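The listed protein sequences derive, respectively, from chains S and Z. Everything in the first sequence is counted per the working numbering, starting at 580 for the first residue and increasing by one. Everything in the second sequence is counted per the working numbering, starting at 580 for the first residue and increasing by one.
Keep in mind the hints are simulated off the structure, nothing from the lab. One or more hints might be untrue.
Given that identical chains are not distinguished, each listed pair holds provided it fits within a single copy or across any two copies.
[Stated by the list, open to error] Below 30 Å or equal to it, Euclidean Cα-Cα: the simulated DSS-like pairs (lysine-lysine) are: (1) Lys610 with Lys926; (2) Lys684 with Lys705; (3) Lys672 with Lys806; (4) Lys850 with Lys926; (5) Lys806 with Lys794; (6) Lys697 with Lys870; (7) Lys933 with Lys860; (8) Lys692 with Lys673; (9) Lys692 with Lys705; (10) Lys601 with Lys692; (11) Lys860 with Lys610; (12) Lys672 with Lys691; (13) Lys691 with Lys673; (14) Lys697 with Lys805; (15) Lys805 with Lys672; (16) Lys692 with Lys672; (17) Lys805 with Lys685; (18) Lys705 with Lys673.
Quick caveat, the model's predicted, so the values are computed rather than measured.
Here is what each chain is made of, one letter per residue.
2 protein chains.
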Amino acid sequence: MTNRVYNFSPGPAMLPEQVLAKAASEMLDYKGSGMSVMELSHRSVWFSEIMDDAQHLLRELMHIPDNYRILFLQGGATMQFLMAPMNLMNESKKMDYVNTGAWSKKAIAEAKKLGDVKVVADSSDKTFSYIPVIDPYEIRKDAAFIHITFNNTIYGTRFTALPDTDIPLITDMSSGILSEVIDVRDYALIYAGAQKNIGPAGVTVVIVRDDMIGKNANLPSMLDYKKYADNNSLFNTPPTYAIYIAKLVFEFLKKQGGVEAMEKVNREKAKMVYEAIDNSKIFCAHVASEKDRSLMNIPFFADSEEINSRFLSEAEQNGLLTLKGHRSVGGMRASIYNAMPLEGCRKLAAFIKKFDSENA
Amino acid sequence: MTNRVYNFSPGPAMLPEQVLAKAASEMLDYKGSGMSVMELSHRSVWFSEIMDDAQHLLRELMHIPDNYRILFLQGGATMQFLMAPMNLMNESKKMDYVNTGAWSKKAIAEAKKLGDVKVVADSSDKTFSYIPVIDPYEIRKDAAFIHITFNNTIYGTRFTALPDTDIPLITDMSSGILSEVIDVRDYALIYAGAQKNIGPAGVTVVIVRDDMIGKNANLPSMLDYKKYADNNSLFNTPPTYAIYIAKLVFEFLKKQGGVEAMEKVNREKAKMVYEAIDNSKIFCAHVASEKDRSLMNIPFFADSEEINSRFLSEAEQNGLLTLKGHRSVGGMRASIYNAMPLEGCRKLAAFIKKFDSENA
Numbered sequence: 580m581t582n583r584v585y586n587f588s589p590g591p592a593m594l595p596e597q598v599l600a601k602a603a604s605e606m607l608d609y610k611g612s613g614m615s616v617m618e619l620s621h622r623s624v625w626f627s628e629i630m631d632d633a634q635h636l637l638r639e640l641m642h643i644p645d646n647y648r649i650l651f652l653q654g655g656a657t658m659q660f661l662m663a664p665m666n667l668m669n670e671s672k673k674m675d676y677v678n679t680g681a682w683s684k685k686a687i688a689e690a691k692k693l694g695d696v697k698v699v700a701d702s703s704d705k706t707f708s709y710i711p712v713i714d715p716y717e718i719r720k721d722a723a724f725i726h727i728t729f730n731n732t733i734y735g736t737r738f739t740a741l742p743d744t745d746i747p748l749i750t751d752m753s754s755g756i757l758s759e760v761i762d763v764r765d766y767a768l769i770y771a772g773a774q775k776n777i778g779p780a781g782v783t784v785v786i787v788r789d790d791m792i793g794k795n796a797n798l799p800s801m802l803d804y805k806k807y808a809d810n811n812s813l814f815n816t817p818p819t820y821a822i823y824i825a826k827l828v829f830e831f832l833k834k835q836g837g838v839e840a841m842e843k844v845n846r847e848k849a850k851m852v853y854e855a856i857d858n859s860k861i862f863c864a865h866v867a868s869e870k871d872r873s874l875m876n877i878p879f880f881a882d883s884e885e886i887n888s889r890f891l892s893e894a895e896q897n898g899l900l901t902l903k904g905h906r907s908v909g910g911m912r913a914s915i916y917n918a919m920p921l922e923g924c925r926k927l928a929a930f931i932k933k934f935d936s937e938n939a
Numbered sequence: 580m581t582n583r584v585y586n587f588s589p590g591p592a593m594l595p596e597q598v599l600a601k602a603a604s605e606m607l608d609y610k611g612s613g614m615s616v617m618e619l620s621h622r623s624v625w626f627s628e629i630m631d632d633a634q635h636l637l638r639e640l641m642h643i644p645d646n647y648r649i650l651f652l653q654g655g656a657t658m659q660f661l662m663a664p665m666n667l668m669n670e671s672k673k674m675d676y677v678n679t680g681a682w683s684k685k686a687i688a689e690a691k692k693l694g695d696v697k698v699v700a701d702s703s704d705k706t707f708s709y710i711p712v713i714d715p716y717e718i719r720k721d722a723a724f725i726h727i728t729f730n731n732t733i734y735g736t737r738f739t740a741l742p743d744t745d746i747p748l749i750t751d752m753s754s755g756i757l758s759e760v761i762d763v764r765d766y767a768l769i770y771a772g773a774q775k776n777i778g779p780a781g782v783t784v785v786i787v788r789d790d791m792i793g794k795n796a797n798l799p800s801m802l803d804y805k806k807y808a809d810n811n812s813l814f815n816t817p818p819t820y821a822i823y824i825a826k827l828v829f830e831f832l833k834k835q836g837g838v839e840a841m842e843k844v845n846r847e848k849a850k851m852v853y854e855a856i857d858n859s860k861i862f863c864a865h866v867a868s869e870k871d872r873s874l875m876n877i878p879f880f881a882d883s884e885e886i887n888s889r890f891l892s893e894a895e896q897n898g899l900l901t902l903k904g905h906r907s908v909g910g911m912r913a914s915i916y917n918a919m920p921l922e923g924c925r926k927l928a929a930f931i932k933k934f935d936s937e938n939a
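Extracted from the complex, chain S is given alone in its bound form (with noise of 0.2 Å):
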């Protein structure tokens, strides 16, 4: 019927099949209200039931605690640069940053406009291919919090230790959350843009602890997660239809077992890939460090640009779509969000040794 293809894309992403179909099935009339999600009112019945619904599937999905409310924002994580420090931000405008690449280096820029940041870790002298270790005399006592970016998507990092302290941690989630199991209770605040283990670009879910609410007045009304906590998403009109894409796949989530479930999946799928590279004579993984490979990202490269070509074209010829790295690593990247069936990473690790056999 369609031909769908396994899409390697860093995000937007792939979204998993059933929830697209039932999406599509959905569109002119949902459940009988001779409505499409897209025209019905966000203070309608309908609209809240989704509303709620996606609240209690992420909460239950994540093992969110009571004393940490979800909201749905817009402006993807980037935005979330701006307001993080801005809600969080203490009268010392001290606020300590780790640099673990693109993402965390746009969101240091942010700050500095705010206050005065300081970098206490940074991975940029081997282009950003580790975690760098924490020391924890680094980080100010005084700082409002420290910020990590938990998964990056760029350079296929990810943090499997958090720094070791009592200043709030915050984190940008987006190319890791609900992708393994963690600990909501280890941070004040978790972001994430949707578009790659939650739904269609255009929302931004936010995870704050209460007390980290309301500490900044005269925000911006549009800036300030009071407002929005305060009611309930819905200071204005939110993204609705992004939040029931987002609704639609946390119940995908949860059938497939829930998180616990994915991270094995997960961990099944980044195990072939990186296997495949790792016993190939022409391609080198860029991350060495096992404890420091994302289970979502995986940037890999042979040293010759003809054979990273030539890689792609054939890979497409197989119906293995945007492979194409990032220009800061060059060569290839396989994103493999929970929407990523295992099928689609064997293929892969099958093409990639098949290639490597053809070619070494």
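Following the hints, put chain Z in place on chain S, whose structure we already have.
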């Protein structure tokens, strides 16, 4: 097959059935890509084409001159209540506003956090049931701009004459855009949340004259028009699916004969509904003056709350939905944007007549 209703919601609102059917048919496989539009990278050739088409179509429909940029942003008109003053403000920090209702008041409140706001005209004395006369001498010569709300969704008024001034004019056109012919050159900046006449909630259209971009340096990136203009609205991941639906709506409008044709139908639709109200014995329109009447939102009411309630519930039984008025006006409100068919207004007008004759 489907049980589509006439949905008089003020927004999110009806979309053309053809647009929804097209979106449903392309949901799992966009033009043979093997991917949903939601899954396309925002840097892909497929999405680039969608973005280009959306811009070209909107430029054509609204006759937007070359010295204006079209931007697709997030956060709704409410985010523009912040961004517009932040980007356009001058050293005097003086900004002049016309207060014609709830949305104007919200825009004014956000601007007050940034500078010196003067309300140069106001219609609050009569529950915003008319458009006030703007005395040109009230507009400050060193104000950065004067702001109007082109169409007032809640109170059902609209501007048919613009302030006589050389100060840059900016407008919230959320509920009026694309519904009637306007001259873009009258404005320095037009912004509009999509969920009335453009597409789904979650994308905001900004039409801004070149010389208004980059006036203020060192703004937060996500609040800076220049960042979006310099990156063709791809500074970060845009709300791709919402832009795609907007493009389908623009195509639909072009097929109908453009804004000129829509205005003709919209005038006919509004006339039918106003006539039914004006000719009734029990209903009264909130806005008396024909000159000030919105073509998009028609608030009306009976003196008796019992009659209002009964009207709403009987209307619903007849497939005429979401007619409840905003709490600040009460009674009913018929929002009849571009996607509301003539037949929907005919049915509503007939229902008003029938209800009136049975209850007068």
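Violating hint indices (sorted, rising): Hints 10 and 11 contradicted; others consistent.
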